[in-house]
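Chains A and B, in that order, are what the protein sequence lines are.
Here the first sequence is numbered in numbering that gives the first Met the number 0, starting from 0 and rising by one per residue.
Here the second sequence is numbered in numbering that gives the first Met the number 0, starting from 0 and rising by one per residue.
One or more of the hints may lead you astray.
Copies of the same chain look alike in the list, so a pair counts if it works inside one copy or between any two.
What the hints assert, rightly or not - For lysine to aspartate or glutamate, the following DMTMM-like pairs were computed, each having C-alpha atoms within a straight-line distance of at most 20 Å:
# : residue 1 : residue 2
1 : K64       : D144
2 : K30       : E181
3 : K109      : D76
4 : K178      : E88
5 : K30       : E82
6 : K79       : E41
7 : K178      : E41
8 : K176      : E41
Honestly, the hints are just simulated from the structure, not real lab data.
There are 2 protein chains.
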Amino acid sequence: MKLEELFIRRRSVRNYQGRAVSVEVIREIIKESTLAPNAGNEQPWKFIIVNDKETLKRISDESKKNLLARIAANPNDYAKKYEGMLQNEAYNVFYNAPCLVMILGFSHLKNLYIDCTLAASYFMMAATSRGLGTCWVNLGTVIRDPEMINELGIPDDCTIVAPIILGYPEKIPPIPKRKEPEILRIIGQ
Amino acid sequence: MKLEELFIRRRSVRNYQGRAVSVEVIREIIKESTLAPNAGNEQPWKFIIVNDKETLKRISDESKKNLLARIAANPNDYAKKYEGMLQNEAYNVFYNAPCLVMILGFSHLKNLYIDCTLAASYFMMAATSRGLGTCWVNLGTVIRDPEMINELGIPDDCTIVAPIILGYPEKIPPIPKRKEPEILRIIGQ
Numbered sequence: 000m001k002l003e004e005l006f007i008r009r010r011s012v013r014n015y016q017g018r019a020v021s022v023e024v025i026r027e028i029i030k031e032s033t034l035a036p037n038a039g040n041e042q043p044w045k046f047i048i049v050n051d052k053e054t055l056k057r058i059s060d061e062s063k064k065n066l067l068a069r070i071a072a073n074p075n076d077y078a079k080k081y082e083g084m085l086q087n088e089a090y091n092v093f094y095n096a097p098c099l100v101m102i103l104g105f106s107h108l109k110n111l112y113i114d115c116t117l118a119a120s121y122f123m124m125a126a127t128s129r130g131l132g133t134c135w136v137n138l139g140t141v142i143r144d145p146e147m148i149n150e151l152g153i154p155d156d157c158t159i160v161a162p163i164i165l166g167y168p169e170k171i172p173p174i175p176k177r178k179e180p181e182i183l184r185i186i187g188q
Numbered sequence: 000m001k002l003e004e005l006f007i008r009r010r011s012v013r014n015y016q017g018r019a020v021s022v023e024v025i026r027e028i029i030k031e032s033t034l035a036p037n038a039g040n041e042q043p044w045k046f047i048i049v050n051d052k053e054t055l056k057r058i059s060d061e062s063k064k065n066l067l068a069r070i071a072a073n074p075n076d077y078a079k080k081y082e083g084m085l086q087n088e089a090y091n092v093f094y095n096a097p098c099l100v101m102i103l104g105f106s107h108l109k110n111l112y113i114d115c116t117l118a119a120s121y122f123m124m125a126a127t128s129r130g131l132g133t134c135w136v137n138l139g140t141v142i143r144d145p146e147m148i149n150e151l152g153i154p155d156d157c158t159i160v161a162p163i164i165l166g167y168p169e170k171i172p173p174i175p176k177r178k179e180p181e182i183l184r185i186i187g188q
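Using the sequences and the accompanying hints, generate a full structural model.
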């Protein structure tokens, strides 16, 4: 597949088949994602694999509860626009995907967000090249319950940067319209 | 080229041929980079192209000066470890690459760093697929001189997230050693 085709085929998928993803395939994708560039070859990324729909449903419920509490405490919260969706009991923030991979790392690291995001980009492309769909789900990791944090093995000194769902797409959506790139200035020719 | 080969061939290149990169090719790469995923399809990325070695040399000198001043004011500064390099007059933070593309956007946006980093990842891959080399150069955009900011067209309300040099590689370095991915937990199978 030409790279540009891969870029076009990589869509945020919110509609998955029931089919599970094997842990072996997930491991391959994670391994390729660690080929991403990163500051000083520090490779700060860590991974947690949740390959179980029942656990994902519980994480979704926990996140929704905490987001709604946050919105109630602060009506200017960023998540306010999702309030209606979050109040809908049937809504699963992970769109019933069979798998979630969290990319995380030590919170104190200066380049954590950039490095984990680069790995996430590689992850999404490596998944696409295997016919899998992904979606970065920011709403899905507002986890406060200490028991759940413990169950998932999230260390206290770490921050989840990229929560990415993974599965076989039921339907690959069309590409949302892109603007012409905004090039502010060109110096030289 | 298989995607994994592309991942392996994409290296941080610090050694470039004298050959210039045409603005047309740079525009193609930028266009492909805007296919990156981003929060809410907001596409917050903007671009500045500096395709001129003399200007790059001046930006490098400006950045070095400001970094050295920052280190002098605070010996715990992150850039302290580069002090020796920065004091070397012959050292160009852009490694004499012929071109720099800055990816930037409005500073107030919540997802600016993540979205611009995703575009940067696409940019580096689109460049690699055309035989070009890249390197993300964090040291290169500590620009304080108002005249230079004006010359480069950097808006006051914007932050540069990804300064990426671009050029034809003189030599593609081998891949730095990668650790085995650190998978903290696997739930499900």
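* To do: Enumerate the violated hints, using their earlier numbering and listing them in ascending order.
  => 4, 5
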